[in-house]
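Chemist: The chain contents come next:
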Amino acid sequence: MNTYEYKSLAELLNLTDRYTLPLSKVVMLREMEESEKPESTVLDIMDKRIDVFYESIQTGLNDTTQSVSGLVGGDAARLAAAASVLLGDVSRRAAVYALAINEANAKMFRIVACPTAGSCGIVPAVILAVAEEKKYERQSCIQAFFTAAGIGAVIARNACVAGAVGGCQAECGTAAAMAAAAVVELCGGTPVQAVQAATLCLKNVLGLVCDPVAGLVEVPCVKRNGFFAVHALTAAEMALAGIVSVIPPDEVVSAMYEIGRAMPVSLKETSEGGLARTPTGKEIAERLEKAMREQ
Amino acid sequence: MSVFDIVGPVMIGPSSSHTAGAARIGLMARKILKDEPIRADITVYGSFAKTYKGHGTDKALVAGLLGFSADDIRLRSSFEIAKEEGMTVTLTRSEEETDHPNTVRIKMEGKTGTVMEIVGVSLGGGRIEIREINGFYVEITGEEYTLLTFHHDQPGIIAKVTTIMALGAINVSTMKVFRSAKNANAVMIICTDSPIPSDLETEICNISAIQSVIALSPL
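Taken in order, these protein sequences are the chains called V and Y.
Per the working numbering, the very first residue in the first sequence carries number 1; after that it's consecutive.
Per the working numbering, the very first residue in the second sequence carries number 1; after that it's consecutive.
Hints in this document: simulated from the structure, not taken from any laboratory.
From a predicted model like this one, the values you see are computed outputs, not experimental measurements.
Treat the hints with care, as some may be off.
What the hints assert, rightly or not - With a cut-off of at most 25 Å between alpha-carbon atoms, the simulated DSS-like pairs for lysine-lysine come out as follows:
| hint | chain 1 | residue 1 | chain 2 | residue 2 |
| --- | --- | --- | --- | --- |
| 1 | V | K25 | V | K37 |
| 2 | Y | K176 | Y | K31 |
| 3 | V | K282 | Y | K107 |
| 4 | V | K134 | V | K25 |
| 5 | Y | K176 | Y | K83 |
| 6 | V | K290 | Y | K53 |
| 7 | Y | K176 | Y | K34 |
| 8 | Y | K182 | Y | K160 |
| 9 | Y | K53 | V | K223 |
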């Protein structure tokens, strides 16, 4: 059965329109028909993922150690402990959670790739921060994660979500787009607004390269997760206000893919360019290499 | 594509290719050995050799060899656990060029004396492929039920094996056959929709030209 099959964001929106359903429901129904699993099973799988998201947040905030390289650790707790200066409660909480989850990832704790490990903080941080601050139930969170997953599935299908293939725009960019769409639905926006939020979000990060220092999922990944959580909220706020992307959703996804393919290999996770090849980046890589040889 | 490949998999960080993929290669190696490894000589190549420490690739490979899945928190202390369980591990970094940047070779010895050598690659997103078993080219992803036969190349082997499967109502999804030369050693890789019951495995193993059989369940 392919009743709820969608290959593009336009097709996904058509389905929500035809059956008068929210995005989350279409995505869930498609998962059910494709995997031949009942509703209770797919809801339960997503519910258990939320447990892991919370586990990662707690670990990231409570574990005081540094990563093996010594490059990251403790920033989530630092931001959480500091007095609020400029950001609102939702944005602050989202940034703290995103840093916490990605620090947990860098420090080899359990996470859920979303869509990748390097970008794993963004979607859960945004959805859970909004849900906590706005008092949404767990059930609504589960639905929001289906919405996020549907957006991610289309981007993975028609473009890519791996830094090695499309740069960071494909990883953290996709994660932010997923998060933006999810919270628009969570806050009562229409499917069109949700897809617009994803589009605005992705459009604003086009061209972003993947240039991790010493090849590790740490610099600039951890802080970027924090930034992109807030970026997703900005896109959601704009879309909820009725702001629309001039370039249609699927065309933005195609553009992301085209830009990713045109990007030099040195800036696609190979650590042969950008931040990885700055004097400090090189020095860090050499120091870690030396430590590894001496062991 | 399942949405749980997008919001997922659940894994120990920091990298789906360098950590989760490595753990899955280790686990697959253990399944192929069909024994508890007491020794593992691991050689890492390419990007694995360059960044294994920061990604915990070494810990993940050992965790897999211990039988832990990619989301098992014991992955963090796999070297200590290996020591407790009496598994000797050596790790070598190679500068040799390989087809895929994330490549690892594992030479294992099992408790009962079985020795096996596999080559695995991590393809990204946690997906893996075992590319070599004891010097034989293979393609095993660990995503389906898989039956491997090591046999002597001669007419009729494929028909004999598939007949046994057909009588057992096992549906084949994909099938590949490789051989080192005509009338020499050959390997058959058959992916199926359902598990191969042990009696069918034995029956296949009893075919005269077949030296050994390995039935693998998905990772």
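Chemist: Each hint should be assessed against the structure and marked as holding or not.
Modeler: These are the hints, each one checked on the structure:
Distance hint between V:K25 and V:K37 is fulfilled; the C-alpha atoms sit about 15 Å from each other, no more than 25 Å. Annotation: proposed proximity of Y:K176 to Y:K31 holds, straight-line Cα distance about 20 Å (limit 25 Å). For a cut-off of 25 Å, the pair hint linking V:K282 to Y:K107 is broken: about 34 Å separates their Cα positions. For the hint pairing V:K134 with V:K25, the CA-to-CA distance comes to about 21 Å; that is within 25 Å, so the pair holds.
For the suggested pair Y:K176 and Y:K83, the alpha carbons sit about 38 Å apart, so the restraint of at most 25 Å is broken. Our distance criterion of 25 Å between C-alpha atoms is met by V:K290 and Y:K53, whose separation comes to about 11 Å. Annotation: proposed proximity of Y:K176 to Y:K34 holds, straight-line Cα distance about 22 Å (limit 25 Å). For the proposed pair Y:K182 and Y:K160, the alpha carbon gap of about 19 Å is at most 25 Å, so the pair holds.
Among the hinted pairs, Y:K53 with V:K223 is consistent with the structure: their alpha-carbon atoms are about 21 Å apart, no more than 25 Å.
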